[in-house]
Every structure is written in C-alpha cells, then in structure tokens.
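Trainee: Listed here are the chains, written in short residue letters.
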Amino acid sequence: MAGEHAQLSLRRTGGLAGLPMVASLDTRELDTEEAEAISAALDAVDLAHVGEGPPAAPGAADMLHYDLEIRRGDRSDTVSFGERQMPPELAPVIRTLMRRAQPGR
Amino acid sequence: MTHRCPLRCIVPPGLLLRVARSGKEEERDAALRTLALDHTFRQVRVERATRQGISPPTRRLLSGPIGGPHRTIYDQQESDATELGRLARAEGQPAVEDPAVNEAYDGFGDTYKLFWDVFKRNSIDDGGMPIVGLVHYSQHYGNAFWDGEGHMFFGDGDEQLFTRLTKSIDVIGHELTHGVTQYTANLVYRDQSGALNESVSDVFGSLVSQYAKGQTAEEASWLIGEDVVGPALLPALRSLKAPGEANPHDDQPADMDQFVNTGEDNGGVHTNSGIPNHAFYVVATTIGGNAWEAAGMIWYDAIRDARVKPNCDFLAFAKATQRAADLRFGAGGKEADAVRAGWEAVKLAL
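Chains as they are written, first to last, in the working numbering: chain A, 1 to 105; chain B, 1 to 350.
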C-alpha cells in the first residue's frame with residue numbers, strides 16, 4: 001500500500017457545538033512530504049481494530065465522534081471511533097482533514 | 001490556656017453542613033469555620049493513614065474545605081494525552097502568565113460560587129470534589145468536554161468554530177454542570193435524556209454568567225459561547241431566548257413541533273436541547289428578576305428529584321419542575337404559573 005494514493009472522507013459529529021463537520025482529501029492534492037506522511041500513517045494503523053478501545057466513561061459529555069472512509073486502490077474501509085478511541089497514528093491524518101473541514105448539516 | 005470548644009468535638013459534620021446551608025448568617029459563619037477546622041483534622045488523619053500504608057478514600061484526601069473550591073489547572077502543552085499534564089496552578093496560588101490557566105481557574109471559581117451561594121452545593125458532587133481543568137489540550141482543537149471521570153478539557157480553538165474555549169465563563173459553567181448532572185439525575189447522554197443533560201448545562205452555564213455579572217433575566221443575553229465562537233458560529237453558539245437563531249448553522253428547535261429525530265450526536269442532544277432551554281428562558285423571564293433565584297432553584301430541585309430517572313424524557317422533567325415550583329413556592333403561585341407557561345411555550349402539555 002505504501003506510495004499508493006488515498007482518498008479520505010471524514011464526518012465529525014458531537015462536541016460542545018454539536019455541529020457536523022465534513023472534509024474530503026485526495027493525497028494527490030498534497031505536496032509529496034505531506035502525502036507520504038498520510039500514507040505512512042494509514043499503513044501503520046490497524047484499521048480492523050479501530051474503535052475497539054474503551055469508550056468514553058459513563059457521564060462524559062461533549063466529546064467528539066469521527067466516521068472516516070479510506071479508499072486506496074480497490075480497497076475501501078470505513079472506521080468509526082470516539083476521540084478517546086482514536087489511534088495515535090490517525091491523529092495527524094484527522095488534523096490534516098479537520099484543517100479543511102466545513103460545517104456539514 | 002488552650003480553649004476547648006466542645007461543639008467542634010461532638011457535632012457531626014452532617015449537622016454542621018445543614019447549619020452552614022440554612023442557618024442564620026452568624027450560625028452559618030461559625031459552622032463554616034468549624035467545618036474548615038474539622039476538614040483540617042480529617043486531612044491530618046488521612047495523611048497519617050497514608051504514611052502508615054492505609055489506603056484512604058481519595059476524595060477525602062483531595063476534597064476542599066466546605067464553602068470553598070479546590071481547583072487545580074494542568075497545562076497539556078498541546079498534547080493529545082489525557083493524563084494530567086504540567087501542574088500550572090493549584091488552589092490559592094496567584095495568577096500566572098498564561099491567560100488560559102487563569103481563565104479556567106477563575107471560571108471554576110465563579111461556577112463553584114453560584115452553586116454554593118445560591119444552591120448550597122459544595123462542588124460537583126456536593127462533597128467538596130476537586131475541580132480539575134486541563135487547558136491547551138491537543139492541537140487545533142475547537143472543543144471542550146467533561147470526561148465523566150472528574151476532568152474538564154479545553155482546547156485553544158480551531159480558528160473556525162471556536163477560539164480559546166476558556167475565555168467563556170458560560171462554557172466553563174456548562175462543562176462543570178455536566179459533572180453536577182452526573183452526580184444528581186445522572187441523565188443518560190442519548191435522545192431526550194441526553195438533550196436534557198445538555199440543556200441543564202446550558203441553563204446553569206448561563207446562570208453562572210448572569211450571577212457573576214449581576215444581570216437580571218431581562219438584562220441577560222441568554223447566549224452561550226458568544227465570547228469564544230469563531231467566524232463560522234458568529235455571533236454565538238446557542239440562544240436560550242431564540243433557539244435556532246444563534247448563528248447561520250443553528251438548527252435548534254424552539255418547540256416540540258420542531259423536534260428533530262436523528263441518530264447523530266447521540267440522538268441530537270445538542271439540537272433538541274433547544275426545547276427545554278427555551279422553556280427555562282420563558283420561566284425565568286416570566287417570573288422576572290434574578291433568574292438564579294426562583295427559576296434556577298426550581299431547575300436545581302428538579303435535577304435532584306428522585307423521580308427524575310437517568311432515562312427521563314422531557315415530559316417527566318417538566319413535571320418535576322412543576323412539582324418543584326409547587327413545593328418550594330406554593331401551588332398556584334406566580335412561580336408555578338410561570339413553569340406552566342414555560343412548558344406551554346414549547347408546546348409540551350403537562
């Protein structure tokens with residue numbers, strides 16, 4: 001998968017605002033260094049087990065939730081996770097997407 | 001000669017607490033002084049026990065004296081880690097250079113003050129629970145949250161939805177009130193009970209701001225987050241006065257006819273909260289004067305009502321506010337009439 005371009009779609013919900021935010025990204029739009037960083041992050045994360053970590057504690061409020069679709073070549077994965085369940089490898093990917101995000105009602 | 005005060009030895013803390021809450025001013029002052037001294041003795045015992053290897057209840061070790069907050073602010077230094085970061089300011093320490101640290105410290109103080117002065121509640125759990133804030137959380141983070149484990153996290157903003165979250169006293173009040181709700185009605189964070197959970201935080205967040213500013217219901221803006229919204233949410237995050245009109249993306253309903261059925265955001269907890277938010281606004285402005293006095297007390301009684309269960313819906317909560325108004329101010333009084341008018345305004349028949 002390394003070096004293969006990726007198309008990403010993100011929908012973030014919840015939070016204090018409760019306003020959905022959406023973003024899309026094709027790594028071919030990025031400069032080489034940034035595209036390689038995202039590709040490496042996607043290679044490193046175990047997508048099959050994203051979202052399996054412990055959820056937020058009972059009573060928690062205003063926390064964020066993410067739905068991320070990843071398309072690379074013929075493969076498509078959709079992962080869903082709360083902010084406490086975010087794998088550290090995905091954090092820079094989510095940050096890159098959120099810098100492009102717009103309100104998505 | 002050592003003066004010995006038998007009162008300090010034989011009066012149980014529970015009775016002192018009741019005197020501190022409901023006694024005359026001089027009795028209250030004396031009870032508070034005694035409780036503070038009692039707390040010191042207990043702290044010494046706990047520390048001795050700790051040194052002897054006996055595990056004491058954590059809360060007792062950490063909780064503050066009655067009638068005063070026990071605040072600690074940590075600097076997360078833009079880390080995603082949820083473990084406590086660098087200790088930035090503890091209770092009683094002077095202001096530091098970092099404005100976010102001081103804003104969190106002061107906002108917690110204002111929130112504690114409302115709950116103590118008006119409702120005689122001693123912190124989040126009514127047992128002097130420490131108030132812990134984590135500022136500068138993560139990078140490009142436009143959010144604040146209560147983690148359900150005694151911590152409030154604040155980001156520095158994302159330059160779109162929010163700027164630095166600690167600048168808003170009502171947002172700080174909102175987050176701390178999630179803790180109060182957890183220790184009272186414990187409303188499940190989904191669907192109508194979740195929307196009530198959100199609404200209670202908006203209501204008391206707004207009251208914290210009004211109490212600190214000395215504003216009457218007529219003078220208040222009834223806006224949430226007006227000090228911290230970014231360009232996408234100008235001029236405010238939410239409005240209790242006019243749900244759905246706070247900003248161009250605001251889709252909060254103002255009455256039951258507009259109730260939103262959705263699976264997102266735990267069943268629209270930040271959307272349908274507009275309905276009980278507006279009911280409170282109508283109650284407070286119909287009664288008039290300081291909203292924290294009658295309307296705030298009625299809502300505070302309701303979240304402590306044993307009949308308000310964790311899965312409580314709007315109707316059950318509305319009935320709890322009606323009971324609270326009848327019991328505290330008398331059935332048929334102007335407060336009870338105002339509560340009825342508030343729920344009628346949002347088209348919820350009691």
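Quick caveat, the hints were computed from the structure, so don't treat them as lab data.
One thing to keep in mind: the hints can contain errors.
[Unchecked claim] DEER-style ranges, computed between Cβ atoms:
#1 A:57 - B:78: 19 to 25 Å
#2 A:80 - B:344: 21 to 27 Å
#3 A:57 - B:93: 26 to 32 Å
#4 A:48 - B:95: 46 to 52 Å
#5 B:349 - A:89: 51 to 57 Å
#6 B:289 - A:84: 38 to 44 Å
#7 A:46 - B:306: 29 to 35 Å
#8 B:242 - A:102: 42 to 48 Å
Note that beta-carbon positions come from the ideal geometry of N, C-alpha and C, so glycine has one too.
Trainee: For residue 349 of chain B and residue 89 of chain A, compare the CB-CB distance with the range 51 to 57 Å and indicate the outcome.
Mentor: 52 Å, holds
Trainee: A range of 21 to 27 Å was offered for this pair. Does it hold for the Cβ distance of residue 80 of chain A and residue 344 of chain B?
Mentor: With a Cβ separation near 40 Å, residue 80 of chain A and residue 344 of chain B fall outside 21 to 27 Å, so the hint is violated.
Trainee: For the range 29 to 35 Å, tell me whether the beta carbons of residue 46 of chain A and residue 306 of chain B fit it or not.
Mentor: Violated, since residue 46 of chain A and residue 306 of chain B (Cβ atoms, about 46 Å apart) do not stay within the stated range.
Trainee: At the C-beta level, are residue 48 of chain A and residue 95 of chain B separated by a distance inside 46 to 52 Å?
Mentor: 49 Å, holds
Trainee: 38 to 44 Å was suggested as the range; check whether the CB atoms of residue 289 of chain B and residue 84 of chain A agree with it.
Mentor: Given a distance of about 42 Å, which is inside 38 to 44 Å, the answer is holds.
Trainee: Is 42 to 48 Å right for how far apart the beta carbons of residue 242 of chain B and residue 102 of chain A are?
Mentor: 25 Å, violated
Trainee: Do the beta carbons of residue 57 of chain A and residue 78 of chain B sit within 19 to 25 Å of each other?
Mentor: For residue 57 of chain A and residue 78 of chain B the Cβ distance comes to about 23 Å; the hint holds.
Trainee: Indicate whether the distance between the beta carbons of residue 57 of chain A and residue 93 of chain B respects the range 26 to 32 Å.
Mentor: Because 29 Å falls inside the window, the suggested range holds.
Of the numbered hints stated above, those contradicted by the structure are hints 2, 7, 8, listed in ascending order.
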